[in-house]
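Q: Sequence:
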Amino acid sequence: FKDECNTEKKIASALKSFLETSMFVESEEKLRRKLFDLLQNVALIKDPEDPRKFYPRFNVEDTTSFVDLDQHSQNVLKRLYYDYYFHRQEGLWRDNAFKTLPVLLNSSDMLACGEDLGLIPSCVHPVMQELGLVGLRIQRMPSEPDVEFGIPSQYNYMTVCAPSCHDCSTLRAWWEEDEERRHRFFQAVMGSDELPPDQCTPEIVHFVLRQHVESPSMWSIFPLQDLLALKEDYTTRPAVEETINDPTNPKHYWRYRMCLCPLCCLSIPHSQPTSKRKAGWWWWLMVDNGNGGGCDDRWLVMVGCVHVTMESLLSDKDLTKTIKDLVRGSGRFYPQKDLESGQAKLKLGSEHPSQTQKYGLANK
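Add 1358 to a position in the sequence shown, counting from 1, and you land on the number used in the working numbering.
Among the hints, a few may not be true.
[What the hints assert, rightly or not] Once the Cα atoms are required to be at most 25 angstroms apart in a straight line, the calculated SDA-like pairs of lysine to any residue come out as: (1) 1436 <-> 1395; (2) 1457 <-> 1478; (3) 1609 <-> 1457; (4) 1360 <-> 1406.
[To be verified] Per label pair, the in silico range of CB-to-CB distance: (5) 1572 <-> 1400: 45 to 55 angstroms; (6) 1674 <-> 1437: 51 to 61 angstroms; (7) 1678 <-> 1372: 52 to 62 angstroms; (8) 1555 <-> 1422: 33 to 43 angstroms.
It should be emphasised that the hints constitute simulated quantities derived from the structure, not laboratory data.
Cβ atoms here follow ideal geometry from the backbone N, Cα and C, with glycine treated the same way.
Whole structure, please, built from the sequences with the hints as guidance.
A: Right under this line is the structure:
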């Protein structure tokens, strides 16, 4: 590629300008994808400082350049690739970890958690174990290479387990967007031979969350979206809109906000003075009452968007009871519940617990 078209950004800009002045019938997206594939079809990357040196690109086996090589050349390149990415650097990564991580850990009293998901060097888990770092477990992104779904009951104590996080789709969104894995999860994890429902029902959410609160993990942490999915009233919004961040999309912004949109919140007679109507983010619709009367026989229906607040969630008795029952049934400590030993009582909003409370919590 020429210098003016040697990056994806440059190609996209040049392609857009070209299509604006040409009669080319093929879609811009299709052309862009083909050009991007050509740009990425590189087996070896040249060293910018030494033209005699080359480095294998990641996932070199997925390129057509690799596939077109003869068997001997493929074996040689594959051996160099695995040595470079999975063996040669291990000592360097381990040494640098012990230089950097202890400084970070000693700089704060906060509990540190390492995001050890996906493809990671083999030295990561031993280093984390030596330094006492807590790992992360997302059920649909297991750390074991030959397992499709993690088993929460088998998680190590030094882990944080969660059904989803800010960098992936919510439990409800994942269930509804990935049909094939949904079927396998329903069969392998939930133990059903029937077809799974297209929608992630509160019962399914409850099953998954119960698996996590009953796990041996030190922490079970849930995004608020997954907790709200326990009640159908909070699932009217499209699930895909609940994703906080999509790392694969550079144009995806962190702009998620909690919001519920009930259809009809209040209806009052049209004859009522306007000054008595509520203000806010509302639209007023005129609806006939069916009596065939005039304007005074009609009603104004108020519809709009209601933002969820922490106060409204805490006052939702059904939701809070469901969450409390999950926690209490798992054996994990619930702060407002009296300790059975009678040693301590810690309430939400209380300040520093006494020494007795601390020891009581630790023993519990």
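Q: All hints are to be evaluated individually against the structure, with a verdict given for each.
A: Hint check results:
no., hint, verdict
1, 1436 <-> 1395, "21 angstroms, holds"
2, 1457 <-> 1478, "19 angstroms, holds"
3, 1609 <-> 1457, "35 angstroms, violated"
4, 1360 <-> 1406, "16 angstroms, holds"
5, 1572 <-> 1400: 45 to 55 angstroms, "48 angstroms, holds"
6, 1674 <-> 1437: 51 to 61 angstroms, "59 angstroms, holds"
7, 1678 <-> 1372: 52 to 62 angstroms, "56 angstroms, holds"
8, 1555 <-> 1422: 33 to 43 angstroms, "40 angstroms, holds"
The structure shown violates just one earlier hint, number 3.
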